[in-house]
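In order, the protein sequence lines correspond to chains A and B. Its first residue numbered 1, the first sequence is counted upward by one per residue in my numbering. Its first residue numbered 1, the second sequence is counted upward by one per residue in my numbering.
Among the clues, some could well be false.
Subject to a maximum C-alpha distance of 20 Å in a straight line, what follows is the list of computed SDA-like cross-link-like pairs (lysine to any residue) [to be verified]: (1) B/Lys11 with A/Ile128; (2) B/Lys241 with A/Lys85; (3) B/Lys217 with B/Val207; (4) B/Lys38 with B/Gly154; (5) B/Lys241 with B/Gln257; (6) B/Lys229 with A/Ile128; (7) A/Lys85 with B/Leu12; (8) A/Lys88 with A/Gln49.
To be clear, the hints were calculated from the coordinates, so they are not data collected in a lab. Predicted model only: the values in this text are computed from it and were never measured.
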Amino acid sequence: MKKWFFIPFIILSGLLQLTVLDSWRIFQVKPDLLLVSMVWACFIFNFRQAFLLSIFCAVLKDTFLPWPFGINTILFPLWCFLIFKLRKQLTLDYAPLQIALIFIVTLMQNIATGLMLILMGYTIAAGIFLRIVGVGSLYTTLTGALSLWVLMRMNLLRSE
Amino acid sequence: MFRFEKKNLIKLALALCIVLTLVSLNPVSRQILLFTLKFPLILLKASQREAIALFTFHRNFFQSENLRKQIDLLNQEINALKELETENERLKRLLSLGETLNFKVIVARVVAHSPDSWSHAFLIDKGTRHGVAKGMTVMSYLGLLGRIIEANPGTSKVLLVSDPNFAVSALVQRSRQEGLVCGTLGGYLMMRYLPADSDVNTGDTVVTSGLNGRFPKGLVIGSVVEVRKEFSDLNRYAIIKPATPLSSIEEILVVIQ
C-alpha cells in the first residue's frame, strides 16, 4: 500500500520540474526529475506497474514539450524494459550502483534526444550539445542521489 | 536473457501497442493533462513568486526608492519624446508611410516552463477562450519573445526565440541587411545567411523584417555582439544578444491583431 505514495511523488516531481527548477538552472541546464522518478519506479514496483508508471512519466513530460511527436513516450518505457533486463543479470540494491545507473540512463536519454533534434534538421552547436549531455546528466544524477535519500527516509526504497 | 517464446512475443506486442497508441493519442492526452495541471501549476508558481518576494524584500525596498527617482526623470523624457512623436507622425503622413507598429495585445502570465533542456518553451494562462490562436506573435515590452505553437481553451504553448526550432526573417536596422535569426538553445541567438561583404557591426540592432507575414515588421529582436565567418567561408553569421532577458520571463504580451 505504502509504495503507492510514489505516484504523488511523481506528480510533485513533474510540477517542480515545470516551475521551481527553472530558477535552479546550472549552465542553462536543469535536471530531469521525471526520468529519475521512472528509474526509482523500476526499483519499487514490479515490471508491469513500473512500465505503466514510465508511460505516465513520459506522457506528463511530453505534454509540456514543444514537439508534436512524443519521443519520451517511446524512450521511457524502453529504459524501463532495459533496467529490468539488467536487474535480472546484476544485483542493483547498492546505492552507488543505483546512482551510476541513473547517470547512464540520463546520458543515453540526453544523447537520444539531442540526436533526434539534429536528425530533424535543427542546428545545435557542438559545445551546447556536449554541455546539455554532460552537465545535464551530472545534475540529474545529483538530484537522483538526493531523491534516493528522500525515498529511503520514506521507507519506499531499500538500498545498501 | 529475452527469449523469443510465444508468451514473451505477445507481451512485447501488447506493450508496443500501448506505447504506439499513447504516442498517437498524444494531442488528446495533452489537453486533459494541461487542464488538470493548470491550477496546481498556477498555485506553485504564485507561491514561488511570494517566497522570492519575502527573501528579496530588503533589496526590493531600496530598489523601488531608486526606481521612483528614475520614474520622475523618465517622465520628463517621455514628455520630450511625445513632442518628437507628434513631429514624426506629421512627417510620416507627409511621406505617406503606413504605420506598422500598432498592435492589439493581451497580457498573459507564464505558468510552466519546458521540462527539459533540449527545448525552450513555456505555457501561458491564456488560450483560445481569450482570443489566442496558433502562430500569433509573443513579445515583451522590450522586443520579440517567440510565437504560439499550440492553443488550447485555457492555456497556450509558446516557442521561445532561443529554441532551435524557431526562425524569423530579420533586418539589421542600420544597414537594412537581411538574414535569418535562429535559436541556439543557449543564451544568444544566431543571424545566419549574411553575405561575406554584408554591412553588420557589433552593437547593431536587429529587428523583424515582416517578410513572411508571420511576425509584425520592426519588432526588436536584439543587438549584434559578434560577427563570425561560416565554416565554408562563403557566408558570415552574427551572434545576437536577445533584447529581452529570456531566463526570467514572468509576463508576456500576445499580439492578437
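Taking the hints in turn, this is what the structure says about them:
Taking the CA atoms of B/Lys11 and A/Ile128, the gap is about 40 Å. The hint is violated against a cut of 20 Å. Proximity of B/Lys241 to A/Lys85 is assessed by CA-CA distance (about 47 Å); at most 20 Å being required, the pair is judged violated. About 8 Å separates the Cα atoms of B/Lys217 and B/Val207, which keeps this hinted pair within 20 Å; it holds. Taken as a hint, the B/Lys38 and B/Gly154 pair is honoured in the structure, with Cα atoms around 8 Å apart against an allowance of 20 Å.
With a C-alpha separation of about 27 Å, the suggested pairing of B/Lys241 with B/Gln257 is violated against the 20 Å cut-off. Among the hinted pairs, B/Lys229 with A/Ile128 is consistent with the structure: their alpha-carbon atoms are about 19 Å apart, no more than 20 Å. Between A/Lys85 and B/Leu12 the alpha-carbon distance is near 13 Å, which keeps this suggested pair within the 20 Å criterion. Under the criterion of a C-alpha separation no larger than 20 Å, the hint pairing A/Lys88 with A/Gln49 is consistent with the structure, at around 17 Å.
Violation of the numbered hints given earlier is confined to hints 1, 2 and 5; the remaining hints are satisfied by the structure.
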